[in-house]
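> Listed here are the chains, written in short residue letters.
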Amino acid sequence: MKKFWYDYLWIASLLYLALGFFNILFAWLGMLCFLLPLILSAVKGTKIYCNRYCGRGQLFALLGGSLGLSRKKDIPGWMKKKWFRYGFLSFFLTMFALMLWNTYLVLAGAESLKTAVSLLWVFKLPWSWAYHGTLFHPAVAQFAFGFYSVMLTSTLLGLLTMIFFKPRSWCVYCPMGTMTQLICKGKSKNCDFVTDETHKNGYSDKKEEGGGYS
Amino acid sequence: MNRVRGKKAFVKQEECVACGCCVKLCPAEAIKILNGLAAKVDRIKCLGCGKCAKECPASVIRLQEVEE
Ligand code: SF4
Ligand code: SF4
Ligand code: SF4
Chain E
0 MKKFWYDYLW IASLLYLALG FFNILFAWLG MLCFLLPLIL SAVKGTKIYC
50 NRYCGRGQLF ALLGGSLGLS RKKDIPGWMK KKWFRYGFLS FFLTMFALML
100 WNTYLVLAGA ESLKTAVSLL WVFKLPWSWA YHGTLFHPAV AQFAFGFYSV
150 MLTSTLLGLL TMIFFKPRSW CVYCPMGTMT QLICKGKSKN CDFVTDETHK
200 NGYSDKKEEG GGYS
Chain H
0 MNRVRGKKAF VKQEECVACG CCVKLCPAEA IKILNGLAAK VDRIKCLGCG
50 KCAKECPASV IRLQEVEE
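The listed protein sequences correspond, in order, to chains E and H. Mind the numbering: the first sequence is residues 0 to 213 in numbering that gives the first Met the number 0, read in order. Mind the numbering: the second sequence is residues 0 to 67 in numbering that gives the first Met the number 0, read in order.
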């Protein structure tokens, strides 16, 4: 299959994690994979970010697929249910808000900068070697530590579900993927093919003249 | 002849997360993601190879025999 430049964005994902190891301020670059998917889906009404540009999805596909680090089993049914996907998104956003609050506390001078990365929201890893001071307010670094924690935690969860289930299992409950799909849903309210063409066991089986899509 | 028959891929669209893995893998370019909501298979193009079903992280693709 023909490869395009965007098929190599998994390298950027790896590089991102590595850079945060040396200087935490690079964590700010992660805002790109936070804002781009949202902007692209809001503007274009598609999940083009997931479908094409997401380096993390590509990384899991590579590690789990070509490198064989995945059992390639079906994920449990509950993990793809709406309540779980939306529930995880809500949890994720709550933790994100908490991280912003902690940044605010540092900004307001109520707390001092904590040079630690938290893994899975509870484990605090000392990470002070990656902090070399900042020209700006310490809150800038606090945000970087918080954001890097989010990225590292989601990578770890993604790796775990990659190993146990299919390579890109993370994409089933990835908060960014869920959010962009919700935005697309909001944008195509009038498009009801999802329910219209769904018949036998939920597998759509309408055959159309010509196109053959369903 | 544009006949649809043999093994074809079917997507359970309510549970599709529109990640696009299937699109990348399909050798026949038979899958599209519509409006960022769900995958849709062009069953005239589909060869029934099953690659998409194997990789779909949500396991929402199934091959079904189609007679027409
Ligand atoms: S669902 Fe998440 S990890 Fe998967 S392609 Fe989309 S943004 Fe990337
Ligand atoms: S791989 Fe599965 S979940 Fe992803 S777009 Fe295709 S059918 Fe949907
Ligand atoms: S069964 Fe094969 S040809 Fe048909 S949609 Fe899936 S990957 Fe494409």
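Hints are supplied without guarantee of correctness; some may be wrong.
Taking beta-carbon pairs under 7 Å as the criterion, some of the chain E residues facing chain H (in silico) [unchecked claim]:
#1 THR45
#2 ARG70
#3 ASP73
#4 PRO75
#5 HIS136
#6 SER168
Just so you have them, the derived chain H footprint on chain E, three or more residues with Cβ under 8 Å [said to hold, decoys possible]:
#7 91-101
#8 180-188
Treat the hints as calculated values from the structure; they're not laboratory data. Just so it is clear, the structure is predicted and the values come from calculations on it, not from any experiment. C-beta atoms are modelled at their ideal positions from N, C-alpha and C, and glycine is treated no differently.
> Of all the hints numbered above, which does this structure not satisfy? Sort the numbers upward.
Checked against the structure, the hints that fail are numbers 2, 4, 5 and 7, while the rest are satisfied.
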